[in-house]
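Generate the whole structure from the sequences, applying the supplied hints.
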Amino acid sequence: MTNLAIQIKGLTKIYPPDNRAVDTLDLEIKEGEIMALLGPNGAGKSTTIRAASTLCGFDEGSVVVAGFDVDTHSLEVRQAIGVVAQQTGIDYFLTGRENMVLQGHLYRMKKADINDRVAELASYFELDNSIDNLVSTYSGGMRRKLDIACALIHRPKVLFLDEPTLGLDIKNRKILWTHIDKLNKEFGLTILLTTHYLEEADNLSHQVAIINNGKVQVVDTPDALKNSIHGDSITVTFDDVGKNEQAFFHFAQQQSYIKGSTWEDNKLHLYVEDGGANVAALMAVAADNKAQITNLSLSRPTLDDVFLKYTGSSISDTREEEGDEWWKQWAGKGGNTGKWKNQWGANDSDAEEGGEDQAWKNSDWAKNSDNNENLGTQKREEAQSQQDAWPSGQQQWPDKEESHNPSGEQGSQQWDQSQQGDWQNNEWNKNKDGGEK
Amino acid sequence: MLADTWHLFNKYMRITMRMPMWTLFTLIQPLIWLLIFGQLFKDFVQLGDEDYMAFMVPGILVMTVLFGSSWSGVSLLREITAGTIDKMLVSPVSRIAIVLSRVLHSSAQVIAQAFIMLFVAWILGASLNMNPVYLMLAMLIVFLLGVGFAALSNGFAIALQREEPLVMIGNLMTLPLIFFSSALVPEQFMPDWIQLISAINPISYAVDAIRAVLSTTPDLAVFGKGLLVLTVFAGASLTWAVTAFNALRD
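Chain order of the listed sequences is A and B. Counting from 22, one number per residue, gives the positions in the first sequence under my numbering. Counting from 200, one number per residue, gives the positions in the second sequence under my numbering.
Just so you know, the hints here were simulated from the structure itself, not pulled from any lab data. The structure presented is a predicted model; accordingly, all values stated were derived computationally and were not measured. The beta carbon of each residue, even a glycine, is placed where N, CA and C say it ideally should be. Any given hint could turn out to be false.
[Stated by the list, open to error] Each pair of labels, with its calculated beta carbon distance range:
id : chain 1 : residue 1 : chain 2 : residue 2 : range
1  : A       : S160      : B       : A311      : 31 to 41 Å
2  : A       : D90       : B       : W205      : 22 to 32 Å
3  : B       : T415      : A       : P37       : 53 to 63 Å
4  : A       : D92       : B       : Q387      : 56 to 66 Å
5  : A       : E147      : B       : M218      : 28 to 38 Å
6  : B       : M218      : A       : E141      : 23 to 33 Å
7  : B       : K424      : A       : S160      : 52 to 62 Å
8  : A       : E147      : B       : L201      : 29 to 39 Å
9  : A       : F208      : B       : V332      : 55 to 65 Å
10 : B       : I235      : A       : S160      : 46 to 56 Å
11 : B       : I235      : A       : D39       : 48 to 58 Å
12 : A       : T199      : B       : A202      : 32 to 42 Å
13 : B       : M200      : A       : I35       : 31 to 41 Å
14 : A       : S157      : B       : A307      : 21 to 31 Å
Here is the structure:
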């Protein structure tokens, strides 16, 4: 029986007047696990991390980190955790070493121990050559590495990473992933990270929790989440959509392994069960109809698809917004986040939340959210159970689907692009149902 | 707590030492006052046989303290925005130490500035009592005043959360406080209502106390009164700043 490193029960954080940043959130992270919190801006990821790392109080619920209650034993919790916040908290006018030594002193470590640890971490993060340079001369990737090194100086058991690779280029992001992965594997460090990068959650974490509107929508391994979207995606590109291609489309729909389709100009997306095995059969259909295929690609569903399913919006849509928020945090001098939020900050974020709420209410999924309200409050023994509860919440879907699919065909209809969003939601639902039959 | 304060104080001092120019820049305004105002009013103010320069230097010292220490809150806001304060707050470091180290750093800075101002005044030929013991007593007042105003600045920074209104309040407070004190004009020259304000203005007590020990005829009774008032003032400001800082955890 592995112990829980972090146990969050019914966490609720209300920013005045009535902004529930985190709403009866439940989350459990086992020791030695990497958990990624994935969610759009304003979903409550950062607030969750801030509450768990003693940086902000909360209104309801309990948070236990490394065996200590955050509310009553904050000092012990602080001693047991390392935190890397979204903003680099390192001092630009100090050298890397000075930053780390100061951090060691703040954790009341012995001088000799600090020196050992600085040398150890500097070589671990490949900062040996620049450790005595001013941080202002560091590159973005080096600063982030130093930030993590600082957070590790006192050998914490749990590491919180809030958007660890935000604003880094691909190369540096990959380097950081390797480090984070190694930390977990070699030292058994429990890591809770928030991210917008689906690849990050996918590559790095053992468990992914998708968070939206302050609630955990689903927790599972990245693979299980992707498997919950049934089938693979095959994209067929035509030079020109003529009679042959239409015929191919017509016959392809009738194949039992095709679960859905959508047109995007002269590209046809097919959702296929067991794509690897059936791609040849599909090619045969194309050959029979003399369809001119210029390109065909087969891919596994990505976390983006999963994200779309559980939050009702694609993460690439929210990413843009986050960029804005990120900029505002730096430009808005009082800081708009967490504890530093004052009346002005609260108003700002209200506007944002409101905006998102609006979009959220418009999405199909919102209709179900009322039905799902009880989900948040119900105590979840297993992450799985929430997922199981899903289909019941989705019972409103079929009528919508009906209206799109009067012929009752297998979701094979040519939608114009504006409908694509709706279509995708329906289609996934359909796939899910199909898979459960 | 003391060890925490010392380490953080060290950090701030190190940063300041790397940018000595910044410390000097804040001296420009008091220097202008000393050079221009001093020259301008030299013959205009009648103080009997007393040298106006010598009268004015304590006032300028206090002005230096005000200009210097009211920046402390601005850098606190900067640290909050940069996430540096968050990094301290997730560590077990004493919360009091965070405020205390900032305030002490600011005071240390203004003491250094005060010494430079005194040196300039000495070059200009102000007839001051340069006895090291009395000099140290004067610096004690400078220190307490620095602690008080740096703490106020930090407190306002937390209450206002924005740099712009903080700088405004700093500017707004500094000059009136100086004019409503005995910094530039002897008390007997003031209208009654300004005398009244001056009587409750801690700056008046600071100026009087510094003047009392830097005078060629030191008056320890006046100094003692100033020391008492300023100790209370610094203590109260510091308590307020620490309370405000602690209340930040929402």
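Status of the hints after comparison with the structure:
| no. | hint | verdict |
| --- | --- | --- |
| 1 | A/S160 <-> B/A311: 31 to 41 Å | 35 Å, holds |
| 2 | A/D90 <-> B/W205: 22 to 32 Å | 31 Å, holds |
| 3 | B/T415 <-> A/P37: 53 to 63 Å | 60 Å, holds |
| 4 | A/D92 <-> B/Q387: 56 to 66 Å | 60 Å, holds |
| 5 | A/E147 <-> B/M218: 28 to 38 Å | 29 Å, holds |
| 6 | B/M218 <-> A/E141: 23 to 33 Å | 31 Å, holds |
| 7 | B/K424 <-> A/S160: 52 to 62 Å | 57 Å, holds |
| 8 | A/E147 <-> B/L201: 29 to 39 Å | 37 Å, holds |
| 9 | A/F208 <-> B/V332: 55 to 65 Å | 58 Å, holds |
| 10 | B/I235 <-> A/S160: 46 to 56 Å | 47 Å, holds |
| 11 | B/I235 <-> A/D39: 48 to 58 Å | 57 Å, holds |
| 12 | A/T199 <-> B/A202: 32 to 42 Å | 37 Å, holds |
| 13 | B/M200 <-> A/I35: 31 to 41 Å | 33 Å, holds |
| 14 | A/S157 <-> B/A307: 21 to 31 Å | 23 Å, holds |
In terms of the numbered hints stated before, the structure departs from none.
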